[in-house]
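Novice: Chain residues, written in single-letter form:
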Amino acid sequence: MDENERYNLYRKLRFLITDDFENFRKSMRQMLSSFGAEKIDMAANGNETIAKCSKDHYDVLICDFNLGSGKTGQQVLEALRHNRLLRHTSLFVLVTAETSREIVMGAREYHPDTYIIKPITQAVLQKRMDALMAQRHALYPINHALDQQDLPEAISQAEQLLQTKTRYRNRIMQILGDLYLQRGTPDPARGIYEQVLEGRELAWARMGMGRAALARNALDEAISHFETLIDSNPDYIEAYDALADALQRKGNSRRAQEVVQKAVEISPLAILRQKQLAGIAASNQDMDTAADAWRATVKLSDNSIHDNPENYLGLGRSLSELSDGNTSSEGKQLADEALKTLHNMERRFKDDESAKTRKQLVAARVYAGQGRMNESRKALDSISDQLDPETLSPEETLDYARALYTQQEDGAAQRVLNQLAERCQDDPKIMKAIEELMDEPVSFHKKNQARALNKEGIKAFESGELGQAADSFSQTLELVPQHPALNLNLVQVLLKNAEKEGKGSDPNMLRRCERCLDQLSHLPPQHKQYKRYQFLKKKIADLKSGSNT
Amino acid sequence: MSNDLDFSTVLASTVHDMKNSLGMLLNSLDEVRDSVGEEVRGARPFTTLEYEAQRVHGDLVQLLSLYRLSEEKLSATVEEQLVHDFLDEQQAHHRRLLEGLGITLEVHTEPDAEEGYFDPQLVSGVLTNVINNAIRYAGSQLQLNARAEDGWLVLSVEDDGPGYPEHMLAVDFSGTERIDFSTGSTNLGLYFAERMAGMHTAGERQGFTRLRNGGDLGGSVFELWLP
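If you read the sequences in order, they're chains A and B. At position 136 of the first sequence (counting the first as 1) the number is 136 in the UniProt record's numbering, and the numbers step up by one without a gap. At position 176 of the second sequence (counting the first as 1) the number is 176 in the UniProt record's numbering, and the numbers step up by one without a gap.
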């Protein structure tokens with residue numbers, strides 16, 4: 001680019017410089033004007049930048065990572081992308097004095113067009129900007145179509161560009177593969193990636209192969225691509241996310257959790273991934289990891305567009321699980337942390353009525369888990385006018401039922417859940433949560449104990465040691481007396497054992513079975529164990545009447 | 001309070017801090033230069049200040065990379081690079097200093113070496129240090145070249161100085177055993193370059209470095225061979 005061309009190009013573009021240091025803004029402005037730029041705006045912090053971008057359009061944003069106390073440059077980019085305030089044809093340049101791995105990894109995830117490491121000299125800036133401008137110019141037809149939300153046109157522009165002699169060939173192939181996947185046509189996308197990989201193992205092409213396989217639901221193939229990629233490029237963070245996704249879809253949520261944990265280790269500043277980890281860990285009953293991930297999420301919420309009460313409630317809930325029934329000093333500490341988190345949430349979201357309600361619901365549970373029953377009841381009383389099961393949201397109702405269970409108001413809890421089940425029959429996620437809660441309305445510690453015993457029981461049953469299996473199941477039921485599957489397991493084991501010993505209608509055995517079935521008298525017909533329950537109930541009744549005659 | 005201070009972590013974080021400070025210092029220096037007259041800018045004390053600061057900065061970057069390498073936290077992010085743009089930027093990085101020293105640095109990219117696949121930050125770290133070193137021995141000319149050979153991309157830094165001494169040409173940098181790090185930073189620099197080159201692989205091929213004398217300018221020639 002010669003001086004004249006540069007001058008004419010920069011003159012037309014709108015620039016926005018963001019830095020908390022006035023000196024830096026000035027020197028950057030001076031450099032840009034020496035290239036010919038005339039329309040240069042400046043902002044001192046992230047919020048000002050976002051406000052300016054909602055009002056005006058800028059072609060080039062040059063933003064420092066470290067902006068003092070508010071948002072970081074990464075959070076600015078995240079917010080602009082999230083709110084669609086950045087056009088495809090615009091350029092985002094992230095400036096950083098830092099080369100620490102965490103920051104570079106975090107920043108890379110939101111794909112700035114380039115990042116420049118301080119110190120920036122005029123000569124280096126000019127070279128970098130020139131190269132960026134030339135690329136922007138070459139890719140403009142594609143990005144312009146994307147700004148018009150015209151995907152077919154963007155694809156056709158990219159295909160045309162590939163027919164010409166261009167130095168951006170690789171970049172265009174990468175974009176085109178991506179567009180094919182967006183359009184939902186993984187086959188031509190795979191064609192592109194295969195073509196690239198024939199020449200050279202490039203990370204983006206391997207990633208694309210995996211994504212194309214994922215789109216075709218070829219999970220094993222996808223997993224193998226992502227694993228290959230991570231092996232050769234351990235910093236390629238998107239590969240971890242995609243691998244975790246594939247593993248979860250395969251039902252392997254343990255490994256999915258390990259993968260996300262690894263990704264979080266490499267790039268700890270991405271809030272949505274921390275939140276995802278919290279969710280997976282909780283579903284894996286790994287409450288310690290879940291709590292840590294929620295802690296990180298809450299910490300990263302500061303100044304983030306992803307700041308919402310759900311993050312605080314998530315942390316509060318996981319801490320309440322961990323502290324439930326644990327009155328040691330450690331348990332007390334966890335409960336205090338939960339209450340403090342909830343308190344912070346209430347202060348932060350003052351105008352959010354639902355946040356207030358949910359705070360008290362979770363707090364009631366935390367108090368009850370520590371045996372502080374008065375405070376627990378008080379927490380519920382303070383929101384008694386909100387506790388109408390008809391108007392509470394499903395999530396709120398679940399929290400309400402959990403609080404009631406912890407207060408040992410099992411009957412009330414079941415009534416609330418039954419009402420909710422009627423209302424949410426078509427929502428499998430809520431139905432599953434209701435079922436799990438009714439099955440095991442006990443603390444996390446007891447649940448874990450129960451799981452271990454149950455496993456022992458199943459193992460004994462499988463190796464034919466029926467007496468031992470019955471013992472294990474009975475012990476488990478002392479912890480979770482109303483667990484449907486467990487009660488039915490025990491009934492079956494007792495029956496089988498009696499048959500084996502030729503005492504199929506032993507009255508003691510039958511009485512024991514009946515006691516198990518009595519625990520399930522409230523089992524709703526939509527419960528997945530309901531059929532089995534009906535079947536065994538009839539069988540016991542038949543045996544009993546047979547022995548009487 | 002534990003006394004088991006993990007000294008390498010302390011060193012690394014301090015070096016990181018020093019490097020950032022030095023970055024600020026170099027930035028200020030750049031600004032100072034614009035506000036003083038030619039007689040200061042071209043004077044020896046000023047160019048020495050700038051050259052030595054840049055050298056220390058390069059050394060710290062090298063040190064951090066070696067630390068991350070030893071912790072197995074360094075990996076190459078190989079991406080397609082437009083070689084000429086990349087070398088232009090390396091030249092721009094040194095331009096003001098070279099002007100002050102009266103040394104020219106030309107960039108030549110051969111038409112078949114327009115595209116390359118490498119990690120720009122790692123390679124930039126290597127070239128910066130090699131150029132800083134070449135500045136010390138060069139007469140008045142430096143070259144930064146790119147060519148293709150047998151499917152390799154060869155980036156080279158050449159000068160018109162006296163060339164590498166015999167004993168350096170003989171060192172094999174592929175292992176650490178026989179390298180004497182006590183004689184100064186040059187060997188360490190070349191070891192660093194070899195390791196960074198080696199992080200670039202494609203199939204069976206692995207990047208490496210090569211030293212020779214001669215070239216277009218008749219001085220030392222440092223070559224970085226990338227697969």
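Treat each hint with caution, since some may be false.
Label pairs and their calculated CB-CB ranges [stated by the list, open to error]: (1) A170(B) <-> K12(A): 33 to 39 Å; (2) R210(B) <-> Q160(A): 25 to 31 Å; (3) D150(B) <-> T166(A): 24 to 30 Å; (4) T77(B) <-> G199(A): 16 to 22 Å; (5) S232(A) <-> T9(B): 23 to 29 Å; (6) V15(B) <-> E265(A): 19 to 25 Å; (7) T9(B) <-> Y530(A): 27 to 33 Å; (8) N66(A) <-> A170(B): 43 to 49 Å; (9) V15(B) <-> S393(A): 40 to 46 Å; (10) E5(A) <-> D150(B): 35 to 41 Å; (11) T9(B) <-> R348(A): 23 to 29 Å; (12) N23(A) <-> P45(B): 35 to 41 Å.
Just so you know, these hints were derived from the structure itself, not from any lab. Just so you know, even glycine gets a beta-carbon here, dropped at the ideal spot from N, CA and C.
Novice: Determine for every hint whether it applies to the structure shown.
Specialist: Verification of the hints:
no.: 1; hint: A170(B) <-> K12(A): 33 to 39 Å; in the structure: 57 Å, violated
no.: 2; hint: R210(B) <-> Q160(A): 25 to 31 Å; in the structure: 43 Å, violated
no.: 3; hint: D150(B) <-> T166(A): 24 to 30 Å; in the structure: 26 Å, holds
no.: 4; hint: T77(B) <-> G199(A): 16 to 22 Å; in the structure: 19 Å, holds
no.: 5; hint: S232(A) <-> T9(B): 23 to 29 Å; in the structure: 27 Å, holds
no.: 6; hint: V15(B) <-> E265(A): 19 to 25 Å; in the structure: 22 Å, holds
no.: 7; hint: T9(B) <-> Y530(A): 27 to 33 Å; in the structure: 59 Å, violated
no.: 8; hint: N66(A) <-> A170(B): 43 to 49 Å; in the structure: 47 Å, holds
no.: 9; hint: V15(B) <-> S393(A): 40 to 46 Å; in the structure: 53 Å, violated
no.: 10; hint: E5(A) <-> D150(B): 35 to 41 Å; in the structure: 37 Å, holds
no.: 11; hint: T9(B) <-> R348(A): 23 to 29 Å; in the structure: 35 Å, violated
no.: 12; hint: N23(A) <-> P45(B): 35 to 41 Å; in the structure: 24 Å, violated
Hint compliance for this structure: hints 1, 2, 7, 9, 11, 12 are broken, all remaining hints hold.
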